[in-house]
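A.B. asks: Residue numbering for the sequence shown follows our numbering, starting at 30 and increasing by one per position.
Incorrect hints may appear among the rest.
[Unchecked claim] With beta-carbon atoms standing in for the labels, derived distance ranges:
#1 K413 <-> A45: 43 to 53 Å
#2 L196 <-> P48: 16 to 26 Å
#3 T195 <-> A245: 22 to 32 Å
If you're looking for bench data, these hints aren't it; they were derived computationally from the structure.
By construction, the Cβ of each residue, glycine as well, lies at the ideal position given by its N, Cα and C atoms.
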Amino acid sequence: MFDILRFLEDKRDGRAHSPEELKTFVEKFYQRSIPDYQVSAWLMAVFHQGLSQSELRSFTEVLASSGHKVEFPSDIKIVDKHSTGGVGDKTTLVVVPLVAAAGVSVAKLSGRGLSFTGGTVDKLEAIPGMNVHLSLENFIEQIHHIGCAISGHSLELAPAEGLFYTLRDVTATVPSLPLIASSIVSKKLAGGASRFVFDVKCGKGAFMTDLEEARALAQMLVSLSKSLRRESMALITAMDQPLGRWVGNSMEVLEAIETLHGRGPADTETLCLHLAGAMLYLGGGAETFAEGLCQCKKVLKNGAALQKFKELIQAQGGEAAVCDTPELFLKRAPFEYVIAADRDGYLNSIDARQVGEGIKRLGGGRATKEDIIDLSIAIEICGKIGDFAKKGTSLLKIYYSEEGKLEQALPFFQQVVSISQKKPVPQKLIMEIVNA
30 MFDILRFLED KRDGRAHSPE ELKTFVEKFY QRSIPDYQVS AWLMAVFHQG LSQSELRSFT
90 EVLASSGHKV EFPSDIKIVD KHSTGGVGDK TTLVVVPLVA AAGVSVAKLS GRGLSFTGGT
150 VDKLEAIPGM NVHLSLENFI EQIHHIGCAI SGHSLELAPA EGLFYTLRDV TATVPSLPLI
210 ASSIVSKKLA GGASRFVFDV KCGKGAFMTD LEEARALAQM LVSLSKSLRR ESMALITAMD
270 QPLGRWVGNS MEVLEAIETL HGRGPADTET LCLHLAGAML YLGGGAETFA EGLCQCKKVL
330 KNGAALQKFK ELIQAQGGEA AVCDTPELFL KRAPFEYVIA ADRDGYLNSI DARQVGEGIK
390 RLGGGRATKE DIIDLSIAIE ICGKIGDFAK KGTSLLKIYY SEEGKLEQAL PFFQQVVSIS
450 QKKPVPQKLI MEIVNA
């Protein structure tokens, strides 16, 4: 007989749960036979006491098994990537076709943006006709047919995880590393991939603001995946300044297309190539990470990755011509406001968090999961940290739809860029790589 009070006391006092106890706990909560207030107490106990490696593995497995699982033949190596969330992070739109064009299948389940970070599903919806909610059958069939698919998370996959996340969101337990790791990996397990690359963002525009915290999460994700017999790699990447030139759903699709044409911003291209190279290596398409990187450079240069993105868009009902004439299909908000340099100097910082908070106030991001967002809202970042700007030079271009919302957003945008007389030391884009 499962004793919920004893279960709570055990975690409160730092004692470990057995796999059977965790299985029963998750099943009873999913069946709604344990009240939210007792589950909330357990979440707070985990926040303070943590989970052992064995507990974390068992909890993650039970979450992944709480609904349907995507199944692929065991002889096919399927890869997936996960970003912990950033500002201007449009890498999925480039990485998925890159890896598929290089010969390794990608099953990508993506989410929507929340708080100050963006989401891949929102970006894809800026493409006319694009279906971002594939059935599990169509998801699997498309991967067999063209080697890749990008779809929103199905409620059929790891549904118990969604219930736990909803409670974490209102009990101040979202930052718990074991709960973050189990949330991420359980959905990846249910999504059918057998190899994962984690992009752990670190900096002002990330949920992990310092390197020590990001490293701890990266190591936990990789070790958890290994304990579940899944190969993985984590890249800790800088997110003090936004990635690339554009922030905002529609214009981030534009930048992704520019990158696939070989004319994207240097930081966007570099990060995409490294993530894709890691995925190709883990998926068996290259013998080393370095070889995977070289192969991805080739399929970017010869146009194969761009062609694969067209195939993906067409397969999901979208207008593939967006890849040739994006300006005809991708909407940008009609009004423009420019923030210019008030003196000569070097761009010392470009605060990604302030950009994300500002774009949320403009209507381009969500405060709650239910919010409807304006996909045309966009911010153009006119320089990078270390660039020299003359007085009067444009620093940010804000594209907006409503004057009232601009007034709410301006205090955030006015704090984005700082200028100094001394050139700052550039930060590494890829800060560390964590292997199993």
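A.B. asks: Which earlier hints can't be squared with this structure?
C.D. replies: Violated: none.
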